[in-house]
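Visitor: Line order of the protein sequences matches chains A and B. The working numbering puts the first residue of the first sequence at 735, with every later residue one more than the last. The working numbering puts the first residue of the second sequence at 39, with every later residue one more than the last.
What the hints contain is simulated information worked out from the structure, not anything from laboratory work. Cβ coordinates follow ideal geometry from the N, Cα and C atoms, glycine included.
Partial list, computed: chain B residues near chain A (C-beta under 8 Å):
id : residue
1  : R140
2  : Q173
3  : N177
4  : R181
5  : N223
6  : A243
7  : I323
8  : L352
9  : A355
10 : K360
Quick partial rundown of chain A residues pointing at chain B, CB under 10 Å, derived from the structure:
id : residue
11 : Y775
12 : Q913
13 : L950
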Amino acid sequence: MKILVAIKQVPERDAQVHVASDGKWIDESDLNYTINEPDAYALEEALQLKEKNGGEVVVVCAGPERVTSTLREALAKGADRAIHIEADDMGSRDTLGVAQILADAMKSESPDLILTGLQSDDLGLGQTGVVMAELLGIPHATIIMHVEATGSGLKVKRELEDGWFQHVEMPLPALLTIQSGGNKLRYATLMGIKKAKTKETKTVQAAAATAPAIALDRVYLPEKQKKTEMLTGTPDQVAAKIVEKLKFEVRVI
Amino acid sequence: MSGVLVVMEQRGGNWNRMSFEALAAGQQLAAKLGVECSAVVMGEAVGSLASELGSKKLAKIITVEHALLKTYTSDAYVAALEQVAKQASPAYVIFPHTYQVRDFAPALATRFHSVLISDVIAMHDGPVFVRQLLQGKLNADYRQTGAGPCFVSIQAGTFRADAVEAGTSAIEAFAPSLDAAQIRNKPGELFRESAQTVDLSAAPAIVSVGRGIGEQENIALVEELAKALGAELAASRPICDNGWLPMERQVGSSGQTVAPKLYLAVGISGAIQHLVGMKGSKTVIAINKDENAPIFEVADYGVVGDLFEVVPALTKAVLAAKG
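Work out the full structure, taking the sequences as your base and the hints as a guide.
Guide: Right under this line is the structure:
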């Protein structure tokens, strides 16, 4: 089975973010980047499917030069090849625009299966996978916890609200968006890191951006929904203040 | 192209209650723009659901009935709604931000060369749609710039279902043209993993732990605090994903929804998926090292500090207070 995994490079989760001076995005100068966590689970699922069924895992990522570090990490974890779609103007492309350049790069690979995370940790629109499937004309299923290859296609376990699940059978080629937590993530081994240096990374140029359908006008710190009383002091002082609130206001002690 | 169309969600003749929050959003958007609001309900037979909507203030209720719409598939829903949207030609299509909508609405928007503005938490004049970035660290204003229609999904709890305006409405049937050969996925029955043994929704006090705890062995710290308080132990998704606590202790959109007297959040940053599961809590106390963590937006009391210092001190103080 030939599996393509679309991954995104995002700011690290505990990064301190600051709004950029133009108010349209965050200040990127001091940020550290990493693989989007749901995409790490998509990669893990792909590697496990390959281990079970054989085949090839190819990782694909769109963005500026810096995203190649995330591709190298994926190669070190066990992906066979990487495709870097070079684009320095990701911010001016909307979901459809990004899905289009990913789909363009994937089409000629004729994959059996495309995996990606269910959403990104930065924009969180949660749509790139579904839009890619629509552009490629292949079936999709979202928020997937488990994937099983059957004779002719796949049987997947889809997560629904409130602890419900559903099995869905589907033909190949197909696209799945993977939920976090279905597998345990692996680390790159020293051997893997060494091997990654010999693996192929192909660079392709993204087509020019077209007019987006939606635009991000402004980013800003959220307004508080509640008036929060901050409790300060040493740990013991803070603890005493909380206990007082628990006794006299919340009344759970 | 004009008007607002709200896509209601039902399964087996039962509404997804978030549909009415989307309906309230649709009515308010339509009122602001001075246009009409309509609703669409799809399924195999939706007559009684549609008549329930007859008492709402709507230009019309479009019923879309077909045997192939009995069980949800993205292929059938996208095909049917594409036909409805082409005929009704709305300027705005509003959805509740459910798992089902996340599965098909992006594909539907693609058919119109548009992009769904998903997970919206507020609407302002323009219209501008507000959604969160970076797990709630920042808000962002989005606007439609393409030809449209503009597709928007509304996060749970953003609008109140009881704010839906009453009035009258007429039912209009739309016959979609669907073919079994178009439907590629075969959906199975819904199931639950195992009987839930923990009912967090009944707990008067919950101590909940998040990513900030760092390691599995540190969970014991928080467990001791919960025990001292006589509270249930809960967690945000990453903790359950790691297998550090069972899935049934997860609070949030994919776990349980709780509204206890006390919700004490330890090392939880407060992504929207978590907040929707606990923001109904009477009192929220949050302990987090990051003063900008979104959990503080919904907290009554906040402590910016090292949980490894504050939590043991608090456990000791609670035990002392209880004598």
